[in-house]
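Novice: The chain contents come next:
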Amino acid sequence: MEEPALQATSLTKSFGTTKAVDGIDLLMRQGEILGLLGPNGSGKSTTMKMILGILRPDSGTIVVGGIEVAKNPIGVKEIVGYVPETPQTYEFLTGVEYLDFIADMYNIPHDVRRERIAQFLEGLQMKGHENELIGGYSQGMKQKIAIIAALIHRPKILVMDEALNGLDPRSAKLVKDLLRNLANEGISVLFSTHVLEIAEALCDEVAIMYQGKIVANGTMTELRSQSGLPGSTLEEVFLKITGTGELDEIVKELSK
Amino acid sequence: MDLRKIFAITIALSKSQLRTSTSGRAGSNIFRRPSIVLILDVAAFSICAVLGYLGVTALQQLFPTGASSADGAAYTTIVKFIKEALIFIPTVVPSSVLLGGILFELNVSSKFSASDTVNWLPITQAEYVAASALSVAYNYSVVPVIFLGLLLGPAVYLSLGWLWVGVAFFSLVGLFTGGILIEIIRAAVNRVSSLVSGRARRGAFVLRLVLLVVIILVIDTSFNPNILIGLVNTLSTSLTIAPFVPILWGSIAVDAVSTGDATKAIVFSAGTVLFTAVLAWLAVKVRSRYWSPMVAAVSLSTAEYSPRSGPLTRLGLSSGEAAIVRKDFKGVTRRRELVSFFAVPIVFVALFLIDTLTPGIAGSSSGGSLQFLTDLPVFLAGTIFSLMISSISFGQESKSVMVLYSLPISPDQILKAKAFVALTFALTATLVTLAVFSVIGGVSLASFAENLVIAVSIAVEEVFIGLGFGAAHPDFQERPRPRFVDPYWLIIMLPVGFAAALVTAVPVVIRDVFSLVSSGGSTPLYLFPAAVAFAAVVTFFSYRWARGSVRDMMSEYKI
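These protein sequence lines are chains W and Y, in that order.
Counting in our numbering, the first sequence runs from 1 upward without gaps.
Counting in our numbering, the second sequence runs from 257 upward without gaps.
Bound-form chain W, shown alone (with noise of 0.2 Å):
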């Protein structure tokens, strides 16, 4: 049987009294785009943090790529990418040497990472732009920016929160069909995001958090089964699913 590319088991993680993740359980298959939704504070960029050893869970364990992350972080980050919901880099540099640090980190031979640089700010459209301070940057190009960063090293698991947020139509669109290529090649992919349509059309998987708990997770046609509603949108299955449907009182008394 196949390795998982990511496997986890009753994860759990708190701040203070706040139970951000609640024993969860998360497995994803290699070449696949596994959406991780919810509402905002559910839970998900605290677990894709514990994916990445950046946070330590409470309990559980986490295995990435046959790698437990616990006793190997650094293994595990050689072959994991992230882009993190806000794009953190060191603004004081230019895009290109950004870019050359992330290199540097994962030892890209220089003529590899040349031929890939180059490549990734084309597609992006970042040509012309590489040599300005990423302070000066739009948040849109900060994003590209961080998502050649992740992709610079050819990882073989992408965790991307929320990835997209910022990209102009084009970009989004690219990065998307670079997703599904990365995917059918073996790759897989992480990927939250509060934009449902996204979500519905790129994930193979989707596993929907809601206050520190997976509460529905499955293809689309099982999610729609689980929630009852067949023939329905992910919008309309995830508003039942997280009980957040009671929307149109709401708008009225905002709209007095």
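None of these hints come from the bench; they were simulated from the model.
Among these hints, one or two may not hold up.
As the list claims (entries may be wrong) - Computed cross-link-like contacts, EDC-like style, restricted to lysine to aspartate or glutamate with a CA-CA straight-line distance of at most 20 Å:
1) Y:814 x W:58
2) Y:814 x W:85
3) Y:586 x W:91
4) Y:271 x Y:297
5) W:156 x W:2
6) W:142 x W:162
7) Y:655 x W:85
8) W:71 x Y:668
9) Y:271 x Y:742
10) W:173 x W:197
11) Y:655 x W:162
For this one, chain W is given, so just place chain Y on it according to the hints.
Specialist: Same frame as chain W, now just chain Y:
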């Protein structure tokens, strides 16, 4: 000008200066409310007033009949001192605000200074400048409060109560003047930053640093208390000079009030207010002209990207370590909030030199004292610079430290890279300072060699002390005034660092003391290797502490 708007901005800016943490509930913490400044002012005034009253009581007991007491000359001297102190306050207040501003205000990140708000809210530049100066004045109000509290009792006792009221008025004006000067420096420094970022890549660090140091030195020297004290002391005899120095006008007005010269008092009082108004006008103009509201898209090169190995990997650094070193070097040349960390020690050494070597202020220096005076800045600069530069190594990553957390680099590699950067800067600064001061002081070759050994030992031990504190208590918060190190631990770090430096410098101190007293004695030679051994032990334990702290820090993202 809309006073309500000015008041609202003043409160907002005051809060941004007090609330150095972006987390937690600001409203529930009294120390994060602007009212804490007022409470501290009242407390400081009360305590100082009591101390002043106790002083008066002692004076009454020592001199029951005043000037006609047995030791009448001493009484007259004390009275003269009190009067001069009152005269001196209006001059020292803006100087103190300026010094505080240089230390704490100039490293405020433009991103968080809340000053861009003026660009999209219906607020004029003048309203913003007034509010900003008022908030600085308010936050530094404890300076005149201490002086005024201490001198209240003596002033009343000497029937100088009305003079005290005048001094209080000029102190308020002086506070505002200091706040305005800080605004001018901010705008000028911002101009320097834009100029350098836009036009120079190579040597940008040096150019920015030099310009920053020159700006601060020129303005600070113009308001230097030592120079001004000398001038104020000569007020009675050198009135021909003082009227041409606007910052002294407040003191001249107070002096005129004390001598009953109403015309002069009115003229110089009006002059003081007018001078402050002119500075305010200048601050508005400078800010309007030089404040760039948004970060410009600065392109540093047009060259095609071509990765190079560089010399760092040949020095034994791994690819990842070298990348961090290169990144940190670039950060220093491009981050305004970091440049001020480099500028402040240089400014302090330069001011120390100006104060001690300016004839007529510190008096003439003998050969022995000159040796001492030229050695001291070397060790002082080495200590301050090494401590500051190394302690900010981790905190300066700010929230971008997340990048390091997500990359395959070990804590030990990060520490190695950070130590490399800090040692490079600390040793360079120490050696340059040593060379400059050795030339100025005409230090003998033997003394130079001794100083070299001790200065390098101090720089190395201080770097690792700083790394220890910086790694154990980093502050990654992006805030109006980035601190990089937890301020409580910074307060502990400084005496620890100074104590270690002092012990290491014992052989040189003994040598210089012998030189001062011309006793013909000499430092036992074994003290030098002993000092180096002491520094090595401090370095070793500091390194172990830093290593443990970085490992702990990198084990989990705790921001």
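Novice: Confirm or reject each hint.
Specialist: These are the hints, each one checked on the structure:
1. Y:814 x W:58: holds, 14 Å
2. Y:814 x W:85: holds, 17 Å
3. Y:586 x W:91: Within the cut-off at roughly 11 Å; holds.
4. Y:271 x Y:297: Within the cut-off at roughly 17 Å; holds.
5. W:156 x W:2: Within the cut-off at roughly 14 Å; holds.
6. W:142 x W:162: holds, 13 Å
7. Y:655 x W:85: holds, 13 Å
8. W:71 x Y:668: With a Cα-Cα distance of about 17 Å, the restraint between residue 71 (chain W) and residue 668 (chain Y) holds, given a limit of 20 Å.
9. Y:271 x Y:742: holds, 19 Å
10. W:173 x W:197: Answer holds: residue 173 (chain W) to residue 197 (chain W) is near 13 Å, not above 20 Å.
11. Y:655 x W:162: holds, 18 Å
The structure is consistent with each of the numbered hints, conforming to all of them.
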